[in-house]
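The listed protein sequences derive, respectively, from chains A and B.
Counting with the numbering used here, you get residues 1 to 209 for the letters of the first sequence.
Counting with the numbering used here, you get residues 1 to 737 for the letters of the second sequence.
Just so you know, these hints were derived from the structure itself, not from any lab.
Be a bit skeptical, because a hint or two may be false.
Claimed, not checked - Each computed DSS-like pair below joins lysine-lysine, with the alpha-carbon atoms no more than 25 Å apart:
(1) B/160 x A/183
(2) A/128 x B/24
(3) B/652 x B/427
(4) B/676 x A/208
(5) A/183 x B/665
(6) B/288 x B/138
(7) B/154 x B/215
(8) A/86 x B/298
(9) B/154 x B/298
(10) B/24 x A/127
(11) A/208 x A/173
(12) B/283 x B/298
(13) A/112 x B/160
(14) B/24 x A/87
(15) A/86 x B/24
(16) B/652 x B/133
(17) B/138 x B/81
(18) A/208 x B/670
(19) B/569 x B/539
(20) A/87 x B/66
(21) B/287 x B/72
(22) B/66 x B/427
(23) A/127 x A/112
(24) B/320 x B/160
(25) A/128 x A/87
(26) A/183 x B/676
(27) B/586 x B/532
(28) B/670 x A/112
(29) B/670 x A/173
Note that the structure is predicted; figures quoted are calculated from it, not measured.
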Amino acid sequence: MEEKEKRGENLNFASFKVTRRGFLKGIGTGAISTAVTGIPVLVPSEAEGARIVKGVREAMVRLNVNGVDYRLKVKSHWTLLDVLRKKLGFTGTKKFCDRGSCGACTVIMEGKAIYACSRLAIEADNKKIVTVEGLADGENPHPIQQAFMENDGFQCGYCTPGFIMATKAILDKNPHPDEAEIKEGLAGNICRCSAYPKIIQSVLALAKR
Amino acid sequence: MEQKFNVVGKRLPKVDAWERVSGKARYASDVYLPGMLYGKILRSPYPHARIINIDISKAKALPGVKAIITPKDTPTFRWHKDMPILTDVARFQGDDIAAVVAVDEERAAEAIELIKVEYEVLPFVLDPEEAMKPEAPKIHPEGNIIGGKPQVLKRGDIEKGFQEAEVILENTYRTSLLQHVTSEPRVCVAYWEGGRLTIWDSTQYTFGVQSGVAKALKLPMSKVRVICEFMGGGFGDKTTSERYNVLAAFLSMKTGRPVRIEFDRAENFLAAHHRYPTVWYLKYGAKKDGTLVAIYAKVIADMGGYAHFAGAGGNLETIKSVYRCPNLMAEGFSVYTNKPEGGFMRCVGHPQAQYPQEVHMDMLAERLGMDPVEFRLKNFARLEDGDQDRKFPFTSNGLEDCIKRGAELFRWQEKWRRPGSSPGPLKRGVGMAIHACRHGAMTEPSSGMVRVNADGTVNVLTGTSDIGGGQKRTMAIIAAEELGVPVDAVYVTAADTEVTTDTGGTTGSRQTMTGGTGVRLAAADAKRQILKIAAQELKTEPDKLEIKNSIVYPIGADKGIPLVDVLKKAPATIVGRGIGRVPKNKVIHSFAAHFVEVEVDVTTGQVRILRLVAAHDVGRAINLQSLENQIEGGAIQGMGFGLLEEQLFDGKTGLCLNPNVLDYKLMTIKDVPEIKPLIVESNDPYGPFGAKGVGEPPYSVPAPAIANAIYNATGVRFNKIPISVRAILEGLKTKKG
């Protein structure tokens with residue numbers, strides 16, 4: 001074996017996966033400026049003088065979450081999911097795969113179900129977002145939540161907010177879906193406990209109302 | 001005698017359903033504390049390497065970085081015997097080398113990148129059979145065979161058994177490396193405050209984390225509190241304390257601030273546990289009438305870089321307990337390779353064993369010219385068989401019912417046809433498999449506490465983590481049934497080491513029987529105290545009284561005194577305590593039989609599962625709704641084990657190829673067939689109201705049933721799972737060729 005091969009470079013475990021920050025490092029500033037077009041304020045980082053990644057900017061955004069306006073400063077590479085969870089405290093929206101493959105972070109943005117991990121917070125500027133916390137009327141469950149409770153449409157419950165939001169998106173368009181349509185509409189959500197039969201039962205109960 | 005129950009056996013929602021559907025439930029991953037720091041672990045990029053030098057100077061200079069630790073900071077921590085907390089020899093891609101804590105996640109990640117590690121890359125070995133050879137790279141100083149020799153089971157005279165056999169069948173099998181893919185990753189927040197440590201962890205066993213962290217950091221257990229209010233799946237990955245718990249706690253003690261460590265998804269694929277792969281050789285002998293007379297099994301269990309436990313022993317358990325057989329020999333090698341650490345996944349090792357055993361039995365039935373169901377019915381282990389080596393009987397056994405009633409519901413007789421006889425490109429076939437295992441049994445510690453408040457409401461305090469099976473509801477039902485109060489009067493506090501008692505982990509399908517027995521005995525203890533007071537009031541004997549719907553009655557009478565009035569006479573709050581003991585010289589097992597119909601598209605290699613009948617002996621259904629949910633969910637995961645799931649490693653680099661939820665294939669809602677759970681109630685004399693556990697058994701049975709059904713459809717045997725599309729196409733080609 002050659003010496004170069006034998007002595008490991010300063011390879012990092014993280015080199016084997018694409019990180020958002022790493023990705024941004026690669027694409028540089030230009031793309032980001034494009035992405036933030038329309039955002040009113042761009043400010044440099046003030047965060048403890050850390051060496052920030054080239055290309056990262058901060059911006060003021062206005063997010064309307066569950067009917068309430070939030071104005072806050074976000075970094076341009078922060079996902080909507082991280083901002084909802086960490087900055088605004090909407091921890092009902094869950095992080096499972098963080099790469100748009102599982103649906104646990106499904107929220108409704110401007111009437112459409114989206115994966116919050118696959119949208120940047122700056123993309124959600126001036127948008128209306130509904131999270132699982134926005135469904136119930138105080139302690140009175142939303143009919144979808146009621147149906148999931150009555151039919152045991154979950155086990156550990158971690159993917160459940162995502163399933164509930166995806167169900168809302170289905171029913172908003174089609175109040176009486178059949179089983180095939182329900183499966184199609186929920187195919188982008190993974191339930192590792194595999195409570196699928198009871199989830200189908202929950203949504204069918206709503207469809208038959 | 002048919003027992004009458006007030007609450008047991010109903011269909012009830014989970015007690016914390018509202019929290020879970022509203023987003024209010026606080027999982028460990030939802031714990032964000034003021035002033036919290038973020039920890040990150042530097043992981044090996046190589047499957048096998050010696051760390052020559054770690055230079056942290058640049059990382060340390062990064063503003064916002066609060067502490068960095070390397071192997072030299074942690075040598076005195078006590079841990080698993082072969083696994084350091086931080087290692088200077090990486091034994092798998094993802095092995096823990098150093099840890100950083102910083103003001104936010106990005107700063108922590110940046111610091112990790114700035115740590116300069118000099119590695120000496122070592123040769124690695126991935127294949128367990130290669131690892132057993134003398135020339136293989138040594139992963140630990142004592143060699144790659146864990147314990148230096150195989151674990152061996154012997155019963156009767158194996159040579160005589162094969163001499164008596166009129167039909168002998170030999171074959172080899174393989175199972176793959178699977179990930180739990182818990183939706184909530186490994187995550188904890190540790191806070192050292194005022195000389196006490198609190199850890200919010202996503203764990204199946206808070207008491208295991210408490211004792212593990214206390215030992216590693218030399219803290220008294222009284223000063224370590226572990227809480228798991230909600231957890232997003234475990235499936236065996238979160239069974240005890242892990243390195244990240246100790247690292248988070250240590251870093252919090254070092255910085256005086258709360259420290260959060262959360263694995264990202266790739267880390268969770270590599271640095272968490274997984275279902276270890278196995279290689280099998282089976283040789284079974286039977287008489288012409290179908291009687292099994294000899295079982296020989298050899299398994300090589302690929303445990304990865306560290307021996308969380310010697311997995312082969314777990315694999316061999318079902319080989320010895322599902323069938324009645326006088327002559328048996330089984331050898332199990334547990335072997336180190338440079339893969340991640342093998343562990344428990346929805347059973348210790350039974351799924352890996354039941355796939356080969358049940359396919360082998362299917363082949364043997366065909367060789368004997370017997371129907372697969374008849375062949376099982378002839379040989380399954382009966383009530384009296386139990387532990388066939390020590391001659392202890394089972395406490396209950398509903399396997400015969402599972403097989404017979406399952407076959408009837410499935411319409412097996414009508415559906416079964418000669419293998420490979422299905423015409424056309426869409427070939428249909430049916431298959432079945434059975435299962436028996438000690439999971440679902442009672443273990444120690446089994447304990448519980450029940451407090452009856454002055455207003456007649458009840459608090460149950462139990463160590464069980466509600467993993468999603470509705471364990472809290474189960475405990476509420478058991479307490480309500482025993483105490484004679486409405487189930488809504490019961491509130492359950494679970495999995496907090498400060499206020500509950502140890503009931504073992506929510507592992508091994510044990511909580512219904514183990515935690516449940518503790519709670520039932522605690523409720524009975526509280527009831528005794530209540531009835532003693534009531535007896536004085538009513539001038540009678542306590543054993544002549546009963547409680548129904550929160551009213552204390554003389555047995556058979558229709559007038560009584562309200563429970564609240566009795567409680568007014570109590571000198572203090574009634575506290576009941578229960579400790580369950582495992583019965584001696586008895587074997588508690590759960591049983592199952594699955595029947596499945598598949599459709600194989602021979603032009604595309606796609607397998608569609610059409611329907612599954614899942615018959616399970618659960619002793620007694622405590623909550624029908626969550627019981628069905630667990631059977632269905634376990635069976636669907638088991639289908640993934642048979643058809644889809646495999647974590648792949650590149651032979652040239654030793655690196656994982658699919659550490660993400662897209663390339664690692666999981667069952668989706670579209671793959672789900674019609675599933676009919678069939679509940680068999682054998683009323684176990686030791687279970688609470690007769691109940692046994694059911695968490696793991698549904699997982700073990702679908703994969704072999706599907707493999708047998710695919711054979712029935714196509715006439716081709718597949719000796720490795722998952723049976724992928726490619727395997728099907730290649731198998732069909734070979735058959736034609």
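Going down the list of hints, with the structure as the test:
Restraint check for residue 160 of chain B and residue 183 of chain A: not satisfied, since their Cα atoms lie roughly 55 Å apart, outside the 25 Å limit. Distance hint between residue 128 of chain A and residue 24 of chain B is fulfilled; the C-alpha atoms sit about 21 Å from each other, no more than 25 Å. Annotation: proposed proximity of residue 652 of chain B to residue 427 of chain B is violated, straight-line Cα distance about 38 Å (limit 25 Å). Simply put, residue 676 of chain B and residue 208 of chain A have alpha-carbon atoms about 22 Å apart, close enough for the 25 Å limit, and the pair holds.
Proximity of residue 183 of chain A to residue 665 of chain B is assessed by CA-CA distance (about 18 Å); at most 25 Å being required, the pair is judged to hold. Distance check on the hinted pair: residue 288 of chain B and residue 138 of chain B sit about 47 Å apart at the alpha-carbon level, beyond 25 Å; violated. Taking the CA atoms of residue 154 of chain B and residue 215 of chain B, the gap is near 37 Å; set against the 25 Å cutoff, the hint is violated. Distance restraint check for residue 86 of chain A and residue 298 of chain B: the Cα-Cα separation of roughly 51 Å exceeds the 25 Å cut-off, and the hinted pair is therefore not satisfied.
With a C-alpha separation of about 12 Å, the suggested pair residue 154 of chain B and residue 298 of chain B falls inside the 25 Å cut-off, and the hint holds. At most 25 Å may separate the alpha-carbon atoms for a hinted pair to count; residue 24 of chain B and residue 127 of chain A meet this at roughly 24 Å. With a C-alpha separation of about 15 Å, the suggested pair residue 208 of chain A and residue 173 of chain A falls inside the 25 Å cut-off, and the hint holds. For the suggested pair residue 283 of chain B and residue 298 of chain B, the alpha carbons sit about 9 Å apart, so the restraint of at most 25 Å is met.
A hinted pair counts as satisfied when its Cα atoms are at most 25 Å apart, and residue 112 of chain A with residue 160 of chain B does not qualify at roughly 70 Å. Between residue 24 of chain B and residue 87 of chain A the alpha-carbon distance is near 17 Å, which keeps this suggested pair within the 25 Å criterion. Between residue 86 of chain A and residue 24 of chain B the CA atoms are separated by roughly 15 Å; this keeps the pair inside 25 Å, and the hint holds. Annotation: proposed proximity of residue 652 of chain B to residue 133 of chain B holds, straight-line Cα distance about 19 Å (limit 25 Å).
Restraint check for residue 138 of chain B and residue 81 of chain B: satisfied, since their Cα atoms lie roughly 17 Å apart, inside the 25 Å limit. Pair hint residue 208 of chain A plus residue 670 of chain B holds up; C-alpha atoms about 20 Å apart against a cutoff of 25 Å. For the hint pairing residue 569 of chain B with residue 539 of chain B, the CA-to-CA distance comes to about 14 Å; that is within 25 Å, so the pair holds. A threshold of 25 Å between alpha carbons decides the hint, and for residue 87 of chain A with residue 66 of chain B the separation of about 22 Å falls inside it, so the pair holds.
A hinted pair counts as satisfied when its Cα atoms are at most 25 Å apart, and residue 287 of chain B with residue 72 of chain B does not qualify at roughly 62 Å. Pair hint residue 66 of chain B plus residue 427 of chain B does not hold up; C-alpha atoms about 63 Å apart against a cutoff of 25 Å. With a CA separation close to 11 Å, the supplied pair residue 127 of chain A and residue 112 of chain A stays within the 25 Å bound. For the hint linking residue 320 of chain B to residue 160 of chain B, the alpha-carbon distance of about 18 Å falls within 25 Å, and the restraint holds.
Pair hint residue 128 of chain A plus residue 87 of chain A holds up; C-alpha atoms about 17 Å apart against a cutoff of 25 Å. Restraint check: the Cα-Cα separation between residue 183 of chain A and residue 676 of chain B comes to about 19 Å, which is no more than 25 Å; the hinted pair holds. Annotation: proposed proximity of residue 586 of chain B to residue 532 of chain B is violated, straight-line Cα distance about 34 Å (limit 25 Å). Restraint check for residue 670 of chain B and residue 112 of chain A: the C-alpha separation of about 21 Å stays at or below 25 Å, so the hint holds.
For the proposed pair residue 670 of chain B and residue 173 of chain A, the alpha carbon gap of about 20 Å is at most 25 Å, so the pair holds.
Against the hints set out earlier in the document, violations occur for numbers 1, 3, 6, 7, 8, 13, 21, 22 and 27.
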